[in-house]
Amino acid sequence: MEATTVAKTGTEGKSWGGGEKPLKASYGKLMMWFFISSDALTFSGFLAAYGFTRFKFINEWPIADEVFNHFPFLHGVDAPMYYVALMTFILIFSSVTMVLAVDAGHQMKKNKVITYMALTILGGIIFVGSQAWEWSNFISGEYGAVETRSGKIIQFADADGNRVALDEFATPTPGVRTKHENKNGIWFQSEGSYNPLGIEDVKKGFAANPDLRVRTMQLTDEGEKEVLNREESLLKLNTSGIGVIEGANLTKNEYGAPLFGGFFFFITGFHGFHVLSGVFILIIVFFNVLLGTYEKRGSYEMVEKVGLYWHFVDLVWVFVFTFFYLV
Amino acid sequence: MAHDTTHTAHSGAKKRIWQVFIILSILTIVEVVFGILKPDFLVHTDLVSLSLLNWIFIGLTIVKAYYIVWAFMHMEHETASLRRVVVWTAVFLISYLIAILLIEGTYIQEIYENGYITWDF
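From first to last, the protein sequence lines are chains E and B. Counting from 1, position 66 in the first sequence corresponds to residue 66 in our numbering; the numbering is continuous, with no gaps. Counting from 1, position 57 in the second sequence corresponds to residue 57 in our numbering; the numbering is continuous, with no gaps.
Treat the hints with care, as some may be off.
[Claimed, not checked] Straight-line Cα separation of at most 25 angstroms, DSS-like style, residue types lysine-lysine; simulated pairs: (1) E:252 x E:179; (2) E:305 x B:14; (3) E:24 x B:14; (4) E:204 x E:179; (5) E:29 x B:14; (6) B:14 x E:110; (7) E:112 x B:15; (8) B:14 x E:109; (9) E:112 x B:38; (10) E:110 x B:15; (11) E:14 x E:24; (12) E:109 x B:15; (13) E:305 x B:38; (14) E:305 x E:112.
The hints are simulated quantities; they were obtained by calculation from the structure and are not laboratory data.
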């Protein structure tokens, strides 16, 4: 630093004379903290908007345990939260290996930094993969639902209140229309997805099964979804059902309020994007460690800075986990 | 900066990391167990328009956030002024944002519930 000083100002050593470092942190680390603070406010904005919507639909919001109840290799087993809990552990553990890498960097132990960073990258990749699996389950859905005129959804249950999937009682009418493929028509375009099951099929199947009931979005005092009796169910489905929803996209989903899907994609997606970019930055820093860049520089501060970012991503996940899956 | 590479300082830092990892793991396990069991008493007792269970979740989350920022992000080794700059800014702005949005959300819900127009037809 001294070498770059050109002129003396006569105020050296005084509080406002310049050259003071009141926060005793390097420029790079301070800028990382600036970024983290602003990013924390961005995520808070998303989560607060989620809270707003949740309070707005306080009596009809989907129950997270019913939506996120899948676990790999356990088909049809109701396993609420186990998978997200596992994801949380993976991310916390990758935070631990990251802080161990930073610690090894302080002691200038190159090989230890390499090992711990490799483990951190691995943890990050597993986490992003898990999130992809979670998304694919969310998008494909499980039971299906019927959309009503007012933009609400109704689901189906048997007399005991257990969920029933649409294709268990409704079969598509053959010959109405088929999926458009690129070999037909005048241009080589195909239809992304086509659901042959129509609302009339559902109504017919529902009328033929006296065991079935309609399950509305309304939450009872016990915190469960309200199940209508047979007469009310028939009336509800026949007067207000207008379409079939299977799975989820950005505008509709079979779980409940359309915004539930929107927030799920947006918040977990934005967090997943942070993890993904974190993995890329970690890989770049990892190669720099391998090449000995920081060894030559005499300081592993870059590992510390990427570490700050990585812990922040973990920190955000702790909040997303609470507000999306637990509360 | 942290070039105090004496043996004792080093093993102390390592010990702290594993200690924090164990604390975070236990808190997460407690959250998951509560989330699965959902004890009736905690679900049905309300405190300031949230159930006791949700307050427990939020409390545990803040404790976890404290450990991540203080231990993993080395906030405990930074100067008090840096700590205040980062933490207080976020705490004040976020509490304000949450308060405004949740009050507004509750208001809209009341309109939906008690207004003259039905939203479910």
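In rising order, the numbers of the hints this structure does not comply with:
Violated hints: 9 and 13; rest satisfied.
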